[in-house]
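Trainee: Sequence:
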Amino acid sequence: MTTSGYATERETTEGRVFTVTGGDWDTVTGSIDPLSNEKIVVNMGPQHPSTHGVLRLVLELEGETVTEARPVIGYLHTGIEKNLEYRNWTQGTTFVTRADYLAPLFNEAAYVFAVEKLLGIEEQITDRARTIRLLFMELNRISSHLVWIATTGMELGAISMMLYGFREREYILDIFEETTGLRMNHAYFRPGGVAQDVPASAIKKIRDFLVYMPKKLKEYEAMLSGQIIWQERTQNVGVLDVTGCLSLGVTGPVLRASGLAWDLRKTMPYSGYENYEFDVPTAQTADVWGRYLVRMAEIRESLKLVEQALDKLTPGPVMIADKKIAWPAQLAIGVDGMGNSLEHVAKIMGQSMESLIHHFKLVTEGFRVPPGQVYVGIESPRGELGVHAVSDGGTHPYRVHMRDPSFVNLQAIPAMAEGALLADVIAGGASLDPVMGGCDR
Numbered sequence: 001m002t003t004s005g006y007a008t009e010r011e012t013t014e015g016r017v018f019t020v021t022g023g024d025w026d027t028v029t030g031s032i033d034p035l036s037n038e039k040i041v042v043n044m045g046p047q048h049p050s051t052h053g054v055l056r057l058v059l060e061l062e063g064e065t066v067t068e069a070r071p072v073i074g075y076l077h078t079g080i081e082k083n084l085e086y087r088n089w090t091q092g093t094t095f096v097t098r099a100d101y102l103a104p105l106f107n108e109a110a111y112v113f114a115v116e117k118l119l120g121i122e123e124q125i126t127d128r129a130r131t132i133r134l135l136f137m138e139l140n141r142i143s144s145h146l147v148w149i150a151t152t153g154m155e156l157g158a159i160s161m162m163l164y165g166f167r168e169r170e171y172i173l174d175i176f177e178e179t180t181g182l183r184m185n186h187a188y189f190r191p192g193g194v195a196q197d198v199p200a201s202a203i204k205k206i207r208d209f210l211v212y213m214p215k216k217l218k219e220y221e222a223m224l225s226g227q228i229i230w231q232e233r234t235q236n237v238g239v240l241d242v243t244g245c246l247s248l249g250v251t252g253p254v255l256r257a258s259g260l261a262w263d264l265r266k267t268m269p270y271s272g273y274e275n276y277e278f279d280v281p282t283a284q285t286a287d288v289w290g291r292y293l294v295r296m297a298e299i300r301e302s303l304k305l306v307e308q309a310l311d312k313l314t315p316g317p318v319m320i321a322d323k324k325i326a327w328p329a330q331l332a333i334g335v336d337g338m339g340n341s342l343e344h345v346a347k348i349m350g351q352s353m354e355s356l357i358h359h360f361k362l363v364t365e366g367f368r369v370p371p372g373q374v375y376v377g378i379e380s381p382r383g384e385l386g387v388h389a390v391s392d393g394g395t396h397p398y399r400v401h402m403r404d405p406s407f408v409n410l411q412a413i414p415a416m417a418e419g420a421l422l423a424d425v426i427a428g429g430a431s432l433d434p435v436m437g438g439c440d441r
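The numbering of the sequence shown is full-length UniProt numbering, which starts it at 1 and goes up by one.
Please note that a few of the clues may not be correct.
Taking lysine-lysine and the BS3-like style, the derived pairs with C-alpha atoms no more than 30 Å apart in a straight line are [as the list claims (entries may be wrong)]:
(1) K218 <-> K204
(2) K304 <-> K82
(3) K218 <-> K205
(4) K218 <-> K304
(5) K204 <-> K215
(6) K82 <-> K117
(7) K215 <-> K266
Cβ-Cβ distance ranges computed for the label pairs, FRET-style [claimed, not checked]:
(8) V345 <-> G316: 21 to 27 Å
(9) E277 <-> G350: 47 to 53 Å
(10) K39 <-> G157: 27 to 33 Å
Simulated from the structure, these hints should not be mistaken for laboratory data. Where is the CB? At the ideal position from N, CA and C, for every residue including glycine.
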């Protein structure tokens, strides 16, 4: 057995096997003399509380001051990117939706936009499908920010905020379930459009939500913004200025809270965002407080976008007309709420043998995508979410790589934590809003 880098390796009949352990923990702790050095090395995580998922932070402390911080990731590795190579292009949406599980529709959108760009069908997407995608992405942005304000509030002592944030999020998840059949991990966005149309009952719920939610935002601000403990725990804590953000590739609310109004919906519009009126909220404080203000303002902007999208939602098909690509999207729903009804199956079976064969091939094998590679970036609740998709001309992706903002933004933890107090590591890390499913994907 030999050692290569951090991992021991050994030869087996199956080939070389690497054993990956907990990084350089032994080296770090072994170099400290407990008699002459008051430095303490502690693990924060990877248990779930306070680290927003299975994130592990190896912290070196002198008293309450953090002298060094090392983020350790990989505890939620799912192999999503690799699995995509063994599924057809449409099936890929069921995998990518599970990466950043608090913003599943954004994962689906970035992936689907990349597939459509490879196919060259971006201009063929129907207006209704494009509007539904934007509508649901903005609802998802609100639900994601509600989880952030709820969990960060709990971690900094505002326990009530946890209850209220999740209460409002449930309303949005009910809308998602009524439309897609699932609360999370929807696989609703498909290459060419969406899986099925939005029912009238869901439209009514969305309009009711537009009346309901602004009142709740005022309640949140009344509870938090003037609260002295909230101010002390967030102001001048976890500071990362615009230079630091750009150096580390940090995007999203963290970047905008440092004063730079960089939002891909404005700077590089997609899905029709150029036709909507909305502002890009910023702050100048570059701290946890500024990130709180930006996210609260973004919820209000998303509500404006949702209202505009509802007004633009004209009747029409929700899937591309090209039957060589369109996964069947005009479904009659069965008794289970999602599957095809017997009448729908009978209609397919009663058509010509050729159409039945084509339907079978489309579902089992999938469509072919021309060779090439593309990169598509969108603005997720955490920053720039990008998908680099490569096709070799087959029915499966050759390679799909996701630029997840949680992965990139976590680089900022040492910059924010070192020199600060241990308690501020919680606030600073939470303000990045990392989701480890996306980070480790």
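Trainee: All hints, please: hold or fail.
Mentor: Evaluated hints:
no., hint, result
1, K218 <-> K204, "holds (23 Å)"
2, K304 <-> K82, "violated (38 Å)"
3, K218 <-> K205, "holds (21 Å)"
4, K218 <-> K304, "holds (16 Å)"
5, K204 <-> K215, "holds (18 Å)"
6, K82 <-> K117, "holds (21 Å)"
7, K215 <-> K266, "holds (27 Å)"
8, V345 <-> G316: 21 to 27 Å, "holds (25 Å)"
9, E277 <-> G350: 47 to 53 Å, "holds (48 Å)"
10, K39 <-> G157: 27 to 33 Å, "holds (28 Å)"
Of the numbered hints listed earlier, the single one contradicted by the structure is hint 2.
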